[in-house]
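Chemist: Residue strings, one per chain:
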Amino acid sequence: MSNKFQEIYLDINKILLSGVNILNISSTLKSISMDLKLLAINGIVQAAKIGTKQGQSLIALSAFLSDLPLTIAPELEDLERQSIKMSKSIIGISINIRKLLVKNKIIHKIDSINSGNFLNGNAYELNSIGGLMEIKRRAANVPFIDDNLKTSIDSIVESSIINIEEIYLFLNEISLDIVKLKNKIDRIRRNGFIANYMGSNISIESSYLVGGKSSFNSLVSNIKKIVDKLNNSLDSIIDMLAHSENILNNVKHSNLIK
Amino acid sequence: MRSHVIYSQDGHEWIVIGRDTEKKEEIVDTNQYLIVSGNQGMILDPGGFEIFSSVIGEVTKYISVNNIKIIFSSHQDPDIASSLALWVDIIKDVDTYCWWGWQGFLAHFGMGNAIKLIGIPDEGMEVQIGTSNSFQYFVPAHYCHSSGNYSVFDPKAKILFSGDIGAALLPSDYTDLFVTNFDSHIQFMEGFHKRWMSSTKDLRAWVARARALNPSMICPQHGAIFEGENVGRFLNWLEALEVGHWNRGQEDTNVNNCVWMKWKK
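Chains A and B, in that order, give the protein sequences.
Using our numbering, you'd call the opening residue of the first sequence number 214 and step up by one each time.
Using our numbering, you'd call the opening residue of the second sequence number 873 and step up by one each time.
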């Protein structure tokens, strides 16, 4: 099988690596909603200590902030779930390519058993349905030393067609997974934006306080840190998705799997 | 990869497939066996992923892959069974037999394929291939290498496939399929058996079982085949062997044979 097909195998493994990294990042992000929740509770406690009207508005803002993790947590769970699904599809492609590479070796073994009369020096590719059908057609017409070889080739060709169909299926699934992951990231980012916005409001509201300003300043700075961490992680996922999408498009348009 | 017919009578054949000269150096050499009876086939210990294409290439010389109905896995090791996914990817209608306790473990070799695994009970069982009353018997060999382990006896051919019992790690220039000089062959078997067999008691029970079967050939999964007088010699040697030793083949009674104990001092 051509070196380009080997390259596809290596490319798919690169996507697999990205998939695993995305999964790792998604898993670490799950703790962010808990961090936000703890910060918000701390804000409520600090605001309750003030006991004035300003305190009341800070309690309301912190309470709103403490509701935000309820929205973010399921989104982050979904992000992880979607990443796992994508990784499984990538592994599915990798396995099917591996199987095709092995079957290509078998066809060449069978050809050598049949004194090279079967392939007749031609390199029929097992990575295209057209190439597979050509192998099947030749198997029907070439005089074989043994019928076992002919029927075995049929089985290998049939199972290779299934491998190619599965590769296509997984390629399409991964494309959909990438779109879903991007949408999910947008929604999570929006929640991060809201958290930052609430932080700004808390900052403005607390600036009128005579005492206790510093605890709210540190609350706001911690919110910002968490949201920055969230955004950085989401940015890396987006980068990795873009990289994977690039490779996938190359695979799809390479005509090596067709 | 070479293949050689070691028994053939009335449409019933045993073929050994092994001595792979194309395999990567780091991969241990293995013997795969194909039984063809009538128009059906059975593979004994199909081998690892790395050698699959070579094995199947040889198999097609004797039978269409579609006609292989049974795959037997003597135990759970990767050199025995890591190719299972590829076999079931190509052959859709095939049953794989292994010890009942290994079913869930061998399923890990699936690579997206569902391997139809059939559990063999501890006491063994019989299976039929072909239409000519060809029965193969799974003979218990537990703790003779693996805790769930079997040999296969073919009463028609009087061949006992012994899995890793009788295995020898041969030098690359050893090309004989059969043991020609038993005494000099011991050096290739001794270390393997002392380390990889865990129970002398069970090994002796297996020897008694093998003697009762009275095989004319004993075919291991690594190394060379015993036939004729060498069958008896091999069984005698095995019966006298003390196994289950990891300390350079010696019985281990020294509590200090452990890095931790040495470090502690």
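FYI, nobody ran anything at the bench for these hints, they're computed from the structure.
Possibly wrong hints are sitting among the right ones.
Derived lysine-lysine pairs resembling BS3-like cross-links, with alpha carbons at most 27 Å apart [claimed, not checked]:
{"#": "1", "chain 1": "B", "residue 1": "Lys896", "chain 2": "A", "residue 2": "Lys322"}
{"#": "2", "chain 1": "A", "residue 1": "Lys318", "chain 2": "B", "residue 2": "Lys941"}
{"#": "3", "chain 1": "B", "residue 1": "Lys1028", "chain 2": "A", "residue 2": "Lys318"}
{"#": "4", "chain 1": "B", "residue 1": "Lys1066", "chain 2": "A", "residue 2": "Lys363"}
{"#": "5", "chain 1": "B", "residue 1": "Lys1073", "chain 2": "A", "residue 2": "Lys318"}
{"#": "6", "chain 1": "B", "residue 1": "Lys896", "chain 2": "A", "residue 2": "Lys349"}
{"#": "7", "chain 1": "A", "residue 1": "Lys349", "chain 2": "B", "residue 2": "Lys941"}
{"#": "8", "chain 1": "A", "residue 1": "Lys298", "chain 2": "A", "residue 2": "Lys437"}
{"#": "9", "chain 1": "B", "residue 1": "Lys1030", "chain 2": "A", "residue 2": "Lys318"}
{"#": "10", "chain 1": "A", "residue 1": "Lys349", "chain 2": "B", "residue 2": "Lys933"}
None of the values given here were measured: they were computed from a predicted structure.
Chemist: Taking the hints in turn, state whether each one holds.
Modeler: Going through the hints against the structure:
Restraint check for Lys896(B) and Lys322(A): satisfied, since their Cα atoms lie roughly 17 Å apart, inside the 27 Å limit. Of the supplied pair hints, the one linking Lys318(A) and Lys941(B) holds, its CA atoms being roughly 23 Å apart against a limit of 27 Å. Distance hint between Lys1028(B) and Lys318(A) is unfulfilled; the C-alpha atoms sit about 35 Å from each other, more than 27 Å. Taken as a hint, the Lys1066(B) and Lys363(A) pair is broken in the structure, with Cα atoms around 46 Å apart against an allowance of 27 Å.
With a C-alpha separation of about 45 Å, the suggested pair Lys1073(B) and Lys318(A) falls outside the 27 Å cut-off, and the hint is violated. The suggested pairing of Lys896(B) with Lys349(A) is violated, with an alpha-carbon distance near 31 Å, which exceeds 27 Å. Taken as a hint, the Lys349(A) and Lys941(B) pair is honoured in the structure, with Cα atoms around 23 Å apart against an allowance of 27 Å. This hinted pair does not check out: Lys298(A) and Lys437(A) have alpha carbons roughly 31 Å apart, beyond 27 Å.
Among the hinted pairs, Lys1030(B) with Lys318(A) is inconsistent with the structure: their alpha-carbon atoms are about 35 Å apart, more than 27 Å. Pair hint Lys349(A) plus Lys933(B) holds up; C-alpha atoms about 18 Å apart against a cutoff of 27 Å.
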